[in-house]
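2 protein chains.
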Amino acid sequence: MLKPIVLLRNAGKELQALRSAEGLLGWDQETFMPSKGGTARAESQAALSTVLHQRLTSDALWVLIENAAAQPDISDRDRALVREMRRDIEKARKIPEELATELARTTSLSQQAWSKARAKNATDEFLPWLEKMIALKRREAECLGYSETPYDALLDQFEPGSKASVVKPILDKLSEGLAPLARRIVEKSKAPGVASWQGKKADLETQRRFNETLLREMGFDLEAGRLDASAHPFTQGLHPGDVRLTTRYREDDWLYAIFSTLHEGGHGLYEQGLPEEEWGTPLGEAVSLSMHESQSRLWENRVGRSRSYWERYLPLAREYFGDALMATTLEELMSQVNKVQPSLIRVEADEVTYNLHIALRFGLEEKIFSGQLEVRGLADAWNSGMEKLLGIRPKNDTEGFLQDVHWSCGLFGYFPTYAMGNLYSAQISAAMERELGSLDVKIKAGEFAPMREWLRDRIHKHGREFPAAELLHRATGEDLNPEYFLKYLETKYL
Amino acid sequence: MLKPIVLLRNAGKELQALRSAEGLLGWDQETFMPSKGGTARAESQAALSTVLHQRLTSDALWVLIENAAAQPDISDRDRALVREMRRDIEKARKIPEELATELARTTSLSQQAWSKARAKNATDEFLPWLEKMIALKRREAECLGYSETPYDALLDQFEPGSKASVVKPILDKLSEGLAPLARRIVEKSKAPGVASWQGKKADLETQRRFNETLLREMGFDLEAGRLDASAHPFTQGLHPGDVRLTTRYREDDWLYAIFSTLHEGGHGLYEQGLPEEEWGTPLGEAVSLSMHESQSRLWENRVGRSRSYWERYLPLAREYFGDALMATTLEELMSQVNKVQPSLIRVEADEVTYNLHIALRFGLEEKIFSGQLEVRGLADAWNSGMEKLLGIRPKNDTEGFLQDVHWSCGLFGYFPTYAMGNLYSAQISAAMERELGSLDVKIKAGEFAPMREWLRDRIHKHGREFPAAELLHRATGEDLNPEYFLKYLETKYL
Numbered sequence: 004m005l006k007p008i009v010l011l012r013n014a015g016k017e018l019q020a021l022r023s024a025e026g027l028l029g030w031d032q033e034t035f036m037p038s039k040g041g042t043a044r045a046e047s048q049a050a051l052s053t054v055l056h057q058r059l060t061s062d063a064l065w066v067l068i069e070n071a072a073a074q075p076d077i078s079d080r081d082r083a084l085v086r087e088m089r090r091d092i093e094k095a096r097k098i099p100e101e102l103a104t105e106l107a108r109t110t111s112l113s114q115q116a117w118s119k120a121r122a123k124n125a126t127d128e129f130l131p132w133l134e135k136m137i138a139l140k141r142r143e144a145e146c147l148g149y150s151e152t153p154y155d156a157l158l159d160q161f162e163p164g165s166k167a168s169v170v171k172p173i174l175d176k177l178s179e180g181l182a183p184l185a186r187r188i189v190e191k192s193k194a195p196g197v198a199s200w201q202g203k204k205a206d207l208e209t210q211r212r213f214n215e216t217l218l219r220e221m222g223f224d225l226e227a228g229r230l231d232a233s234a235h236p237f238t239q240g241l242h243p244g245d246v247r248l249t250t251r252y253r254e255d256d257w258l259y260a261i262f263s264t265l266h267e268g269g270h271g272l273y274e275q276g277l278p279e280e281e282w283g284t285p286l287g288e289a290v291s292l293s294m295h296e297s298q299s300r301l302w303e304n305r306v307g308r309s310r311s312y313w314e315r316y317l318p319l320a321r322e323y324f325g326d327a328l329m330a331t332t333l334e335e336l337m338s339q340v341n342k343v344q345p346s347l348i349r350v351e352a353d354e355v356t357y358n359l360h361i362a363l364r365f366g367l368e369e370k371i372f373s374g375q376l377e378v379r380g381l382a383d384a385w386n387s388g389m390e391k392l393l394g395i396r397p398k399n400d401t402e403g404f405l406q407d408v409h410w411s412c413g414l415f416g417y418f419p420t421y422a423m424g425n426l427y428s429a430q431i432s433a434a435m436e437r438e439l440g441s442l443d444v445k446i447k448a449g450e451f452a453p454m455r456e457w458l459r460d461r462i463h464k465h466g467r468e469f470p471a472a473e474l475l476h477r478a479t480g481e482d483l484n485p486e487y488f489l490k491y492l493e494t495k496y497l
Numbered sequence: 004m005l006k007p008i009v010l011l012r013n014a015g016k017e018l019q020a021l022r023s024a025e026g027l028l029g030w031d032q033e034t035f036m037p038s039k040g041g042t043a044r045a046e047s048q049a050a051l052s053t054v055l056h057q058r059l060t061s062d063a064l065w066v067l068i069e070n071a072a073a074q075p076d077i078s079d080r081d082r083a084l085v086r087e088m089r090r091d092i093e094k095a096r097k098i099p100e101e102l103a104t105e106l107a108r109t110t111s112l113s114q115q116a117w118s119k120a121r122a123k124n125a126t127d128e129f130l131p132w133l134e135k136m137i138a139l140k141r142r143e144a145e146c147l148g149y150s151e152t153p154y155d156a157l158l159d160q161f162e163p164g165s166k167a168s169v170v171k172p173i174l175d176k177l178s179e180g181l182a183p184l185a186r187r188i189v190e191k192s193k194a195p196g197v198a199s200w201q202g203k204k205a206d207l208e209t210q211r212r213f214n215e216t217l218l219r220e221m222g223f224d225l226e227a228g229r230l231d232a233s234a235h236p237f238t239q240g241l242h243p244g245d246v247r248l249t250t251r252y253r254e255d256d257w258l259y260a261i262f263s264t265l266h267e268g269g270h271g272l273y274e275q276g277l278p279e280e281e282w283g284t285p286l287g288e289a290v291s292l293s294m295h296e297s298q299s300r301l302w303e304n305r306v307g308r309s310r311s312y313w314e315r316y317l318p319l320a321r322e323y324f325g326d327a328l329m330a331t332t333l334e335e336l337m338s339q340v341n342k343v344q345p346s347l348i349r350v351e352a353d354e355v356t357y358n359l360h361i362a363l364r365f366g367l368e369e370k371i372f373s374g375q376l377e378v379r380g381l382a383d384a385w386n387s388g389m390e391k392l393l394g395i396r397p398k399n400d401t402e403g404f405l406q407d408v409h410w411s412c413g414l415f416g417y418f419p420t421y422a423m424g425n426l427y428s429a430q431i432s433a434a435m436e437r438e439l440g441s442l443d444v445k446i447k448a449g450e451f452a453p454m455r456e457w458l459r460d461r462i463h464k465h466g467r468e469f470p471a472a473e474l475l476h477r478a479t480g481e482d483l484n485p486e487y488f489l490k491y492l493e494t495k496y497l
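Protein chains in written order, with my numbering: chain R, 4 to 497; chain H, 4 to 497.
With the rest of the complex left out, here is chain R (with noise of 0.2 Å):
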């Protein structure tokens, strides 16, 4: 007879079989699927939804909790397992099977309807997919409770334990000192103008093999995943042995996709980095979004966007492109990748004003689903909120708030993540600085190594044994402190 912990864990890895196989769907849907797929998908997508959502609810599984959790003499972390396991399958059985199967059909469709809107700027074809979304997710919210507002369980699905209430202070203190910076930082530099490489033509298959460059010296496994192009740049990681990236290119700028690849790139590491054997239950998935995100933030922006990283990679990109296309300097190089400017796109944003985005979307999702917004006020509300924060407008809702995909797939609290990990970064590049002395000093000679051991041991490797803000702690030593990102922008910037 097999121990109850035992019995979990078999369970927890045929449900992550099936999960990885929606995965799957997903990532193809956004790169290779052609386009009259899509109603098809739509179905398998619900129909593996639904038994998942069966599965995870069903009694069978719940006993299996109630008795892995009784017996005695299960370690410390099969203990996290049990509770962490436990905690999905309350929150799946909250929900009815009808709605998760409708929440997977609707996904899939509405980010569809969007993708199409976005390319045509046809926001009327987008809006009554938007409305269904949030009447579902509405709805979902009310399934799984909150003690404050609908919001709060929403938040909660990508950041265990997150509420609006915490959040906000941390918004609004991060937007306060951010503005001042920002104008400090666009005075003092000088605008870098266009770059000299702009609109000379970089052939795509030589940057998609620069890319992949960038990813191996890293350290991520391309035997272990792949890097392809889609419309939006996402990792999605089936095992960590299967971990897909993408990025998005143009033919006319080279420099453009190398920063979405080295994000999602420290979103691979990650995901390559959860413990194998561990595959199937809590402690094999990452802790939480903002933690993932601290990942991808750190490959992008403190290694990425630093003079020594170009030192290093601006004589292989001569290599790559040849020198007429790269009749460029590290010094024009440094002002363009480092260049502070308000802009629309927020995942073209500089580090400085980036969290003025998030700030916008937060207080928008926050006043839609306290009932203070309509979707038909989105837009004007974007647009002006945008002016607000930034002092620019959009010129159409493409540039607006049809630009992310993700309210389109019923991603509400989803955002606060991506502030709160520029945060973590932060703090956790400059524990690790302190441990492994000068980060420039490694990046310059491409030793990446010790960076991506020291990250897989102190955050990938524990899985969701820990809850995010005491991994945070035990790899740094102290509780998030968004000082060090003001901090590290200061020091960088001024």
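Hints listed in this document are in silico derivations from the structure and should not be mistaken for laboratory results. Predicted, not measured: the structure shown is a model, and the values here were computed from it. It cannot be assumed that every hint is accurate.
From the structure, some residues in chain R lie toward chain H, with a derived Cβ separation under 10 Å [what the hints assert, rightly or not]: (1) E17; (2) A20; (3) W30; (4) D31; (5) G222; (6) L225; (7) V408.
Lysine-lysine pairs mimicking PhoX-like chemistry, simulated, CA-CA at most 20 Å apart [to be verified]: (8) K398(R) with K119(R); (9) K166(R) with K370(R); (10) K16(H) with K464(H); (11) K16(R) with K39(H); (12) K490(R) with K342(R); (13) K495(R) with K193(R); (14) K39(R) with K16(H); (15) K464(H) with K39(R); (16) K6(H) with K16(H); (17) K176(H) with K166(H); (18) K94(R) with K16(R); (19) K464(R) with K39(H).
In this text, a Cβ means the ideal position worked out from N, Cα and C, and glycines have one as well.
Since the structure of chain R is already known, use the hints to place chain H on it.
Just chain H now, kept in the frame of chain R:
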């Protein structure tokens, strides 16, 4: 209250949605999956297969079938739907869940093992997997039941109603006719020698575009499908709006990929031609593998190896590949395209000797499942059989019994459908020509629509409404007559 037939259709759609997910996992494994993703992939395949088996064998579904069968007012088509679903379900209910799961997992792992073993001619690494696979298929055959030999149970999975005692005389007679015919053709034609373009590099991206153009011209909808590369070309239909084809390229031979592409394109037209509104019912599925193969062979051979086809497409090939590479004449090209000579690799064999390859495999499969041949003796038996039938002997097993993917996936009883497909194809072409007039005139003009529509109308759109033999009779006005195929070869080659 919905009518029983409607409930049954809904259940079928959900099953198909999961089957499509399973199809995507398989497609991805052969195209884009990173090498370290294999273990998790086998788990996903096994988990999904378990779910499908549970659904298909559930008492709830059985009750739906019984109720639909008892509904008095259903149409003939719906009656066929019930008949075919009952057939599928009865089969599934004979297989224990544990065997279904084990088959799915072993298939995925064994295929990966085959792929590695074939690449380095490491027969010993693959044999244990083959033994395991055969043992599982034996168990499956015993579960399914048979009246004459266990092998019949496997044949019946791909060609409903098929039996070794029916297939054997057809294949024997075919071999008897083909062996002397092949000799006469080889004697008459002079060996064309090495093609003038052999060894000249044909850019892979250009090849891909050219192959896509050929697919588009024959009417394959690339918004409802894709063409990718894989070690073994195949077609995976997820839905009429999402049909995935693969081919394989050689950088030193622009012609090499084309026949695989046209072959899979023929399969693809069948999949895209299935009635979309019947997706999820047997009326939306191909009737049998022989019929499927008749479509692929028709486009590959009757169309793609005709003089008229290359009168049309040689000039286009020149545009794509340039005059330097394409310093060839129509005469030379045709002698390469229709080169007849005994060869070792089935998928590269000419139309004349092809079926001798099938006869070899059929004979070996029969012997394995009747216990006359052990797995350890397979390589020798293959090589001797090859020598006897074709007069040549493989240098190693990669050229021998390791060449095909099928056995690694447990596809025993599958090969005979390839030979039957050739016979069907010739009979169908003849019927089409009687009704539409000269096919060559149409091919030369690139007028593929009438042929495609004729095939859709006579074959594709019916799904599994009629058994394959009846569908063939309805489409061509007579029962299977192998003379059409021999006649076609004689007329073309002598």
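To see whether the hints hold, each was checked on the structure:
1. Because the beta carbon of E17(R) sits about 5 Å from the nearest beta carbon in chain H, less than 10 Å, this interface hint is met.
2. Taken as an interface hint, A20(R) checks out: its beta carbon lies about 4 Å from the nearest beta carbon of chain H, inside 10 Å.
3. The criterion of a C-beta within 10 Å of any C-beta in chain H is met by W30(R), whose closest approach is roughly 9 Å, and the hint holds.
4. For D31(R), the interface hint holds, since its Cβ comes within 10 Å of a Cβ in chain H; the closest pair sits about 6 Å apart.
5. Checking G222(R) against chain H by beta carbon gives a least distance of about 14 Å; that is not within 10 Å, so the hint is violated.
6. For L225(R), the shortest C-beta to C-beta distance to chain H is roughly 7 Å, which falls under 10 Å, so the interface hint holds.
7. Interface restraint check for V408(R): the shortest CB-CB distance to chain H comes to about 21 Å, outside 10 Å, so the restraint is violated.
8. Of the supplied pair hints, the one linking K398(R) and K119(R) holds, its CA atoms being roughly 19 Å apart against a limit of 20 Å.
9. A hinted pair counts as satisfied when its Cα atoms are at most 20 Å apart, and K166(R) with K370(R) qualifies at roughly 15 Å.
10. Taken as a hint, the K16(H) and K464(H) pair is honoured in the structure, with Cα atoms around 18 Å apart against an allowance of 20 Å.
11. With a CA separation close to 17 Å, the supplied pair K16(R) and K39(H) stays within the 20 Å bound.
12. Pair hint K490(R) plus K342(R) holds up; C-alpha atoms about 18 Å apart against a cutoff of 20 Å.
13. The hinted pair formed by K495(R) and K193(R) meets the criterion: a straight-line CA distance of about 15 Å does not exceed 20 Å.
14. At most 20 Å may separate the alpha-carbon atoms for a hinted pair to count; K39(R) and K16(H) meet this at roughly 17 Å.
15. Taken as a hint, the K464(H) and K39(R) pair is honoured in the structure, with Cα atoms around 19 Å apart against an allowance of 20 Å.
16. Between K6(H) and K16(H) the alpha-carbon distance is near 16 Å, which keeps this suggested pair within the 20 Å criterion.
17. Proposed proximity of K176(H) and K166(H) is supported: the alpha carbons are some 16 Å apart, at most 20 Å.
18. Pair hint K94(R) plus K16(R) holds up; C-alpha atoms about 19 Å apart against a cutoff of 20 Å.
19. Distance restraint check for K464(R) and K39(H): the Cα-Cα separation of roughly 19 Å lies within the 20 Å cut-off, and the hinted pair is therefore satisfied.
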